[in-house]
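> Going down the list, the protein sequences come from chains C and W. In case it helps, UniProt numbering puts the first sequence at residues 1 to 452. In case it helps, UniProt numbering puts the second sequence at residues 1 to 452.
Hints were generated in silico from the structure; no laboratory data involved. Treat the numbers as computed from the prediction; the structure is a model and nothing was measured. One or more of the hints may lead you astray.
So, partial list: chain W residues that the calculated Cβ filter (under 10 Å) puts toward chain C [said to hold, decoys possible]:
#1 R6
#2 T33
#3 T78
#4 L80
#5 T85
#6 V91
#7 R92
#8 R188
#9 G193
#10 E194
#11 R329
#12 V333
#13 D424
#14 R437
Every residue, glycine too, gets a C-beta built ideally from N, C-alpha and C.
2 protein chains.
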Amino acid sequence: MASPSRPHVVVVGCGFGGLEATRALVRDGFEVTLVDRSNHHLFQPLLYQVATAGLSAPSISGAIRHVLRREMRSGRLTVLMGEVTAVDAAVRCVVIDGHERVGYEHLILATGATHSYFGHDDWAAHAPGLKTLADAFDIRRRVLLAFERAERNAAQAGDVDPADLSFAVVGAGPTGVEMAGVLAEIARHTLRGEYRRIDPHSARVVLLEGGPRVLAAFAERLSARAQAQLAALGVEVLTGAQVTAIDDAGLDYRRAGDNGDREHRLPAHTVIWAAGVAASPLGRQLAQATACTLDRAGRVLVEPDLSLPGHAEISVIGDLAAARSVDARGESVPVPGVSPAAKQMGRTAAANIRRREQGEPTKPFRYIDYGSLATIGRSSAVATVELPRLGRLNFSGLPAWLFWLFVHLYFLIGFRNRMLVLGDWAWAYFSFERRARIVIESPPAAPSGPAT
Amino acid sequence: MASPSRPHVVVVGCGFGGLEATRALVRDGFEVTLVDRSNHHLFQPLLYQVATAGLSAPSISGAIRHVLRREMRSGRLTVLMGEVTAVDAAVRCVVIDGHERVGYEHLILATGATHSYFGHDDWAAHAPGLKTLADAFDIRRRVLLAFERAERNAAQAGDVDPADLSFAVVGAGPTGVEMAGVLAEIARHTLRGEYRRIDPHSARVVLLEGGPRVLAAFAERLSARAQAQLAALGVEVLTGAQVTAIDDAGLDYRRAGDNGDREHRLPAHTVIWAAGVAASPLGRQLAQATACTLDRAGRVLVEPDLSLPGHAEISVIGDLAAARSVDARGESVPVPGVSPAAKQMGRTAAANIRRREQGEPTKPFRYIDYGSLATIGRSSAVATVELPRLGRLNFSGLPAWLFWLFVHLYFLIGFRNRMLVLGDWAWAYFSFERRARIVIESPPAAPSGPAT
Numbered sequence: 001m002a003s004p005s006r007p008h009v010v011v012v013g014c015g016f017g018g019l020e021a022t023r024a025l026v027r028d029g030f031e032v033t034l035v036d037r038s039n040h041h042l043f044q045p046l047l048y049q050v051a052t053a054g055l056s057a058p059s060i061s062g063a064i065r066h067v068l069r070r071e072m073r074s075g076r077l078t079v080l081m082g083e084v085t086a087v088d089a090a091v092r093c094v095v096i097d098g099h100e101r102v103g104y105e106h107l108i109l110a111t112g113a114t115h116s117y118f119g120h121d122d123w124a125a126h127a128p129g130l131k132t133l134a135d136a137f138d139i140r141r142r143v144l145l146a147f148e149r150a151e152r153n154a155a156q157a158g159d160v161d162p163a164d165l166s167f168a169v170v171g172a173g174p175t176g177v178e179m180a181g182v183l184a185e186i187a188r189h190t191l192r193g194e195y196r197r198i199d200p201h202s203a204r205v206v207l208l209e210g211g212p213r214v215l216a217a218f219a220e221r222l223s224a225r226a227q228a229q230l231a232a233l234g235v236e237v238l239t240g241a242q243v244t245a246i247d248d249a250g251l252d253y254r255r256a257g258d259n260g261d262r263e264h265r266l267p268a269h270t271v272i273w274a275a276g277v278a279a280s281p282l283g284r285q286l287a288q289a290t291a292c293t294l295d296r297a298g299r300v301l302v303e304p305d306l307s308l309p310g311h312a313e314i315s316v317i318g319d320l321a322a323a324r325s326v327d328a329r330g331e332s333v334p335v336p337g338v339s340p341a342a343k344q345m346g347r348t349a350a351a352n353i354r355r356r357e358q359g360e361p362t363k364p365f366r367y368i369d370y371g372s373l374a375t376i377g378r379s380s381a382v383a384t385v386e387l388p389r390l391g392r393l394n395f396s397g398l399p400a401w402l403f404w405l406f407v408h409l410y411f412l413i414g415f416r417n418r419m420l421v422l423g424d425w426a427w428a429y430f431s432f433e434r435r436a437r438i439v440i441e442s443p444p445a446a447p448s449g450p451a452t
Numbered sequence: 001m002a003s004p005s006r007p008h009v010v011v012v013g014c015g016f017g018g019l020e021a022t023r024a025l026v027r028d029g030f031e032v033t034l035v036d037r038s039n040h041h042l043f044q045p046l047l048y049q050v051a052t053a054g055l056s057a058p059s060i061s062g063a064i065r066h067v068l069r070r071e072m073r074s075g076r077l078t079v080l081m082g083e084v085t086a087v088d089a090a091v092r093c094v095v096i097d098g099h100e101r102v103g104y105e106h107l108i109l110a111t112g113a114t115h116s117y118f119g120h121d122d123w124a125a126h127a128p129g130l131k132t133l134a135d136a137f138d139i140r141r142r143v144l145l146a147f148e149r150a151e152r153n154a155a156q157a158g159d160v161d162p163a164d165l166s167f168a169v170v171g172a173g174p175t176g177v178e179m180a181g182v183l184a185e186i187a188r189h190t191l192r193g194e195y196r197r198i199d200p201h202s203a204r205v206v207l208l209e210g211g212p213r214v215l216a217a218f219a220e221r222l223s224a225r226a227q228a229q230l231a232a233l234g235v236e237v238l239t240g241a242q243v244t245a246i247d248d249a250g251l252d253y254r255r256a257g258d259n260g261d262r263e264h265r266l267p268a269h270t271v272i273w274a275a276g277v278a279a280s281p282l283g284r285q286l287a288q289a290t291a292c293t294l295d296r297a298g299r300v301l302v303e304p305d306l307s308l309p310g311h312a313e314i315s316v317i318g319d320l321a322a323a324r325s326v327d328a329r330g331e332s333v334p335v336p337g338v339s340p341a342a343k344q345m346g347r348t349a350a351a352n353i354r355r356r357e358q359g360e361p362t363k364p365f366r367y368i369d370y371g372s373l374a375t376i377g378r379s380s381a382v383a384t385v386e387l388p389r390l391g392r393l394n395f396s397g398l399p400a401w402l403f404w405l406f407v408h409l410y411f412l413i414g415f416r417n418r419m420l421v422l423g424d425w426a427w428a429y430f431s432f433e434r435r436a437r438i439v440i441e442s443p444p445a446a447p448s449g450p451a452t
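With these hints in hand, go ahead and build the complete structure from the sequences.
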């Protein structure tokens, strides 16, 4: 497929890492084939807004061909929609949908992560996670139907089943905290006065965290701020709570009490999973094919320059990679699974391919941490900003929320989406409305797949 | 369920007719229960824009509870999400989802229409129709995946299967004409330069119509204008073409040739059904339960006041009703299946319930025809406007398109949506972009249903 004069690079996955690598490679004159199983790039940090009916799907996603329309015009980029099911490193090709083979001279794997239920895959049916637009629609449907079911049951039976109006969020990282905050806001404000037999305000939102505090990646002071803010929104926060079972009526958890650990039951018809993350299954196939090593989360251990040990022509980036960097004090640290890290890895992997083609030595990946952000409900957030030479700045509340808003709008793909999302948000903020409260009637027919 | 002091009216279906009736009844002090199988009111005239990736679903739909929030505040309205599966006219109750019974003193049935394949139900799998948001997403997925499939096949096999890039639209009423026009626009403008191996411009869009002309409800002169405009957009229009078979590789049709009727084959992997409409299945159940009469399209024959013969307490409105009105010359004419007619029937049915409660005689329904509109591509339309005393005004082209734009924005539910839709359109018009080109990865899990 590649033009004979230009080395051919295959990039698998069009998340933040794959998109950034593709852009750099096309700019540097490479022949690039980008393969993704979906037709769109997704701005995952705002996916919780789609799940909670605040934004429509097109507001946070763009067709890959449209996002990369400038690169398409170069005549050096091919975009193929399909799932890479295997890498055949011996003959240097990827296999798409089990049967089509595309050869490469260099390969970048950026297929990201999925949720992990820590060996309890049966929990998936009761507690959806949030990684794709399909996940977001599933959660949106469950949340909206829970209120409808409660109203129906109350109209018929005359009383409300508390489990109908109980929402459990498992895992208090940024996604769990954001979901819990918005759910509380929906119950208390958005749906107020819209039901006859139930009081949405009586809904319970419970956030369960196995560790000792929420937002563990942040400073302890910010965790405490975030927990206080969640409580003010009406969210019940249970830290040190280990979920031991999930079924369609609720969940069991173990938590330290006065007399040691105790088992508890939380009846809740809606459970959302924001706890575990595992690398995409392509990592396992790669481990079988190349004898590379995976960490416990299924991520591929890579060389300092992000290449696969023994296969300099293969780079692994983003959430699929267990990469290490060197911090300001010269210590080796793991690279976190956040979008700025994926973008930086995409640029480094592309630059190292250019260096290898030019006969130069590759450079090790160096992660630059600009800080972290998490939002809590409608006007609060926590922020950690790394300032060059000045060190780390922690802040919270409205200033952190405004900063969060600015950063997320700035990084949204495309000027148009940005203005529309800002319009949606401004309206939602002042009206307490959420405009995407739409449950699709019946699941659309299965996609026929691009190659059948 | 009803307060003892107020007569209880059940309204089934929250389309244009049911929504209008509900508003009038709550205003008049009735206790109302509105039952709909979905959680949203849909602005169906713009559904083709969702199917062709121009608008997001929330732009043309609103949660019923939100649309009716003022009525909710009256304390006289209950909204239940569920499907009315039967009417038990003898004991005056409706059955929801096969098991829950809700009694009524007055009943308004407004469950609308669905597509009809004229006895060929096996065509449904190959040629989806366009009535619900789920239908629109299905069509959107098929259209976008057709181009992706063509690019994949071209990259692998080196040539393009013309059937991959052939789109057939069956039926040249307003929906079929709108779909065909937009599909041609997508192929010629929106996707230009975004593929490497295929030329989207080479896509064929074929519009097949069994009758002698497109937009048969309009004057002949406007039909001719519309057909010329479609041809200018690159749509192949085949009138007098009777579809005789549809499968996953294309369709067969019969058409008059020089030597009599001839059978033809049109290879096309994407077929869209815009030909037949049938009343919702509740009509058949009603016919069995009350011995009322249905017309050939399954619509319920009603009295001049829209009530069911022999059941003055049941009214049937909108696309479920085969109603007649009296035109300006005093002749009896059938009421067309358009949204203004449904709204007018909703108001008449509500007013007649009020009259019956006050002991007054009911009034016959009188349809006021304000005209008809159909749009063709990005800046053309045909319009027929009925002017009081001045008669009928026919016009086409840009003036008709601007009029169409104004009317559709004016009638869109809610100020906010209207502004967002206008913004989307303005952007799409000048940029040729369509912002909702998103295929959801995998079908979301089946909804658990509100009552389970």
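> Work down the list of hints and note, for each, if the structure agrees.
Results for each hint:
At its closest, the beta carbon of R6(W) sits 14 Å from a beta carbon of chain C; the interface hint therefore is violated under the 10 Å criterion. Taken as an interface hint, T33(W) checks out: its beta carbon lies about 8 Å from the nearest beta carbon of chain C, inside 10 Å. Against a cut-off of 10 Å between C-beta atoms, the interface hint on T78(W) holds, since the closest Cβ of chain C lies about 5 Å away. Below 10 Å, beta-carbon pairs count as interface contacts, and L80(W) has one with chain C at about 6 Å; its hint therefore holds.
Evaluation of the T85(W) hint against chain C yields a violated restraint, the C-beta minimum of about 14 Å exceeding 10 Å. Restraint check, V91(W) versus chain C: the minimum CB separation of about 17 Å is more than 10 Å; hint violated. Residue-level restraint check for R92(W) is violated (minimum Cβ-Cβ distance to chain C is 17 Å; threshold 10 Å). Residue-level restraint check for R188(W) is violated (minimum Cβ-Cβ distance to chain C is 16 Å; threshold 10 Å).
This hint holds: G193(W) has a C-beta 6 Å from the nearest C-beta of chain C, less than the 10 Å allowed. Among the interface hints, the one on E194(W) holds; its C-beta lies about 4 Å from the nearest C-beta in chain C, closer than the 10 Å criterion. Violation of the interface hint for R329(W) is found here, the shortest Cβ-Cβ separation to chain C being roughly 42 Å, above the 10 Å cut-off. Among the interface hints, the one on V333(W) is violated; its C-beta lies about 33 Å from the nearest C-beta in chain C, farther than the 10 Å criterion.
Below 10 Å, beta-carbon pairs count as interface contacts, and D424(W) has one with chain C at about 7 Å; its hint therefore holds. With a least beta-carbon distance of about 4 Å to chain C, the hint placing R437(W) at the interface is held under the 10 Å criterion.
Figure legend: structure checked against the earlier numbered hints; hints not met, in rising order: 1, 5, 6, 7, 8, 11 and 12.
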